[in-house]
Every structure is written in structure tokens, then in C-alpha cells.
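S.K.: Each chain, letter by letter, is given below.
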Amino acid sequence: MKKLYQVITLLILAFLLAACDKADPPQKFSAVDITGSPWGKDFHLTDHNGQARSVADFKGKAVVLFFGYTNCPDMCPMTMYKLAMAMEKLGKDAERVQVLFVTLDPKRDTPKILKQYAPAFHPSFLGMVGDEQTTQEIAKEFKIFYQHQKPGENGFYTVDHMGPSFVFDPQGRLRLFIADQHSADMIAQDLRTLLKG
Amino acid sequence: MNGNSAVPQAAGELVYGYGNRVAYDVDSSAGARLDLRVNENFLKIATTMAVMSLVVVCSILTAHAADQKDTRPSTSIGTAHSPAISHAWARATVPGQAVGAAYMKIYSAVDTTLTGIESDVSRSVEVHSMRHQNGVMQMRAQKQLEVPAGQNVDLAPGGIHLMLLGLKKPLKAGESLQLKMTFVDGAGNRTIVPVRVPIRPFGQ
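One line per chain: the protein sequences are A and B, in this order. Be aware that the first sequence starts at 1, since it is given in this note's numbering, and climbs by one per residue. Be aware that the second sequence starts at 1, since it is given in this note's numbering, and climbs by one per residue.
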């Protein structure tokens, strides 16, 4: 164990020294670079057309994964809109990007509803759904906290959830973490960089 | 010794603009007495001027409010004492979205409580609070909304908002929806305020 700490300390020192060499290395991405993270390897969900999908199905395209639910009035539609704006800014490059909306509320968000919802923001967007257990598993895999709240008298319930999006590169590797504060411009630029390889 | 003897006794009448009169009577023992008589014509002129300036101020405010919004002003005032709703708007929704959100400012001269809302576009309307905590968005229904006297209660994205539950059809930008908001003040007076809510496109 002690040896491990020493190795880590050495690595950190080496990294710091390397950072000193290149004064102010330019940031490659606006979003958070999570390349090489041990989690978020893959997903197995059904798209709104009923087709089973995983990362490999989108090889050659950058994949943006966004988690939400259609009964979310504010943050989800605004993020979907932001992603649609990014697609518009990408022009022809948008053909090499696939945005996936993963519902955290499979009970209400049926494929039929998702088929109306996701393409309303951009015709290429796909709604993705799994059963309760699959949803829990994928949320865990991508470290997305979500929690269904108790329904009110009218049966309506909200879902507490985190709102980041994740980006896979065209080789199917998880690369970026997009937060609320990242604009459509930043997302478009990051996607362009990823597409160039 | 009479200390007041140095003050001269005087009485008279001053006449100034509009024929108003101030009668004065300075008496060493009684002190000064003023008697203000306001000319009736002055009252009429003053009232007319006050009304005219109110009209001007109101039209300026209305024009200003109209300038700030994309569409017609949505301010609705039921009676003189009812809460005033301004800057109301709702965001457009897409097909498949069963809920919408409406935002506004609520002002009341007296303490009041928003106890119920109805809309012409949804099955029901709830007050929801929203907050971000450790990156998690939390939305909770509130039974009612307190509106303290003299304060603007702001219903805005990322905060308190009205949830339109069970939309009958998607909210289309450029159109508007109608709300009926019921307020009950401390004395139990119920006021229903009708509000026209313009629907804005995404990104605005």
C-alpha cells in the first residue's frame, strides 16, 4: 500500500513537472474530458422504433447521451433544445453525430411518447428506453443519480435527477461530460474536435 | 416680566396663487394660529391635474411594459385590491410532452396566498418549487404559494413555477393560454385573477 502511495505521488509530481514545461497548454475541450474513465463503457437500450441499441451500433458517429424524462418542464427540454442548436451549428458534420435521450422514467415514457418527443427537437434524435432494472443499471453505469418522488393526489410525480450529457467519440469511447453551463457553441466545437479525431 | 412682549401682535390674510388664502393671527398669549382656506377652483384644477398625470404615468408604464415583451402585455388586475400579475409567459412544448411551465411576477399590496389555479390548456395546474442540489434537479409540488405584501414574488425558470399538468395539446409559440388564479388574503377575501399567458418559443 505504501508503495502505491509513493507511485501515485511520483506520478502527480511528474504530471506537474510536465505541466510546467508547457506553459498554459491549450484546453482541447470546453466540456470535461473524461477519456479513460473506468465506467460508462456501454449501454443496452431500445430506441423509440423498438430497435435494440448499444454504443457499437453508432460506430463512426459521435454519440451524445442525455438522461431525463418527458414530464420535466424546464431543464430537460432546454438541454434537448441546446443539443438541437449544437446540431444546427455543426452543419454537415451533424450527420456524424447521434443524440440519444435516455428516459429515467420508463413507466410513463413509452416508446410511443419518446417517438413524438425526441425528434421534435431534431429529426435525428432518438428516444431510448429500458425496463426499470435496465434504467437503474445504466444510471449506475454513468453515475447518474435519480429518484422518483411520491405521486401527489392526482398521481403526478417528479423525478429528481442530474442533468449532464455524455459524449462518445466515433470509435465508441466515452470522452466528454457536458454540464448545464456548456453552451450550444461549446458543444458544437467539442463535437467537431472529436469528429476530426 | 412678560417675555412675549417683544413679539409683535399681528393678524392678517395672505392671498397666493389660485386665490388660496392663509389667514394668520399671531398672538403673544395664544401663539400663532393659521387658518388655511383653499379655493374651490384650485381643488378642481389640482384634481384634474392629478388625474391627468396619473393617466400619463399609466400610459407610459403600459407602453413600457409592452416594449419589454414579445407580445401584448399580460398584466391582469381583477379589482383594486387583487394581486397584480405581470411578465407572464409559458415555454412552448413539443409533442409527447405532457407538462408545461408558466412563469410570472406576482405582486400584492396585502399579504395573500395563491390557493388554486386553473388553465384552459391542461388538466390541472400546480405550484412547483425547483432547486439544484449537488447537481441534482429537485422539483416539489407546493399546496399553495404565499405572496407577502409589497413584494414581487418571482416565478422563473430554475425556481418556483406553475406546472401545467396533463396538457390537452402542445403549447405553440405565438399563441397564449388562459389562467384563473385564486388568491385568498388574511381576511379570507377570495379574488380570482384571470391571466393571459403568452407562449414563447424555445431559446427565449
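Just so you know, these hints were derived from the structure itself, not from any lab. A quick note: this is a predicted structure, and the numbers were derived from the prediction, not measured. Glycine included, C-beta positions come from ideal geometry on N, C-alpha and C. Some hints could be false.
Each computed DSS-like pair below joins lysine-lysine, with the alpha-carbon atoms no more than 30 Å apart [stated by the list, open to error]:
1. Lys169/B - Lys112/A
2. Lys150/A - Lys196/A
3. Lys105/B - Lys112/A
4. Lys172/B - Lys107/A
Beta-carbon label-pair distances, calculated as ranges [unchecked claim]:
5. Ala156/B - Ser183/A: 15 to 21 Å
6. Gln133/B - Pro123/A: 34 to 40 Å
7. Pro123/A - Thr182/B: 41 to 47 Å
8. Glu132/A - Arg131/B: 25 to 31 Å
Listed next, the stretches of chain B that the computed footprint assigns to chain A, with coverage defined by at least 3 CB atoms under 8 Å from CB atoms of chain A [said to hold, decoys possible]:
9. 98-111
10. 126-135
S.K.: Please go over all the hints and tell whether each is borne out by the structure.
M.R.: Against the structure, the hints:
With a C-alpha separation of about 16 Å, the suggested pairing of Lys169/B with Lys112/A holds against the 30 Å cut-off. Among the hinted pairs, Lys150/A with Lys196/A is inconsistent with the structure: their alpha-carbon atoms are about 46 Å apart, more than 30 Å. For the hint linking Lys105/B to Lys112/A, the alpha-carbon distance of about 36 Å lies beyond 30 Å, and the restraint is violated. Taken as a hint, the Lys172/B and Lys107/A pair is honoured in the structure, with Cα atoms around 26 Å apart against an allowance of 30 Å.
For the pair Ala156/B and Ser183/A, the supplied restraint of 15 to 21 Å holds, since their beta-carbon distance comes to about 20 Å. Take Gln133/B and Pro123/A: their Cβ atoms lie about 35 Å apart, and the range 34 to 40 Å holds. Range check, Pro123/A to Thr182/B: Cβ separation about 42 Å, and the 41 to 47 Å hint holds. Separated by about 26 Å at the C-beta atoms, Glu132/A and Arg131/B satisfy the suggested range of 25 to 31 Å.
Three residues within the 8 Å Cβ limit are the bar, and the segment 98-111 of chain B against chain A gives 4, so the coverage statement holds. Here's how the segment 126-135 of chain B fares: 4 of its residues keep a CB closer than 8 Å to some CB of chain A, so the rule of at least three is met and the hint holds.
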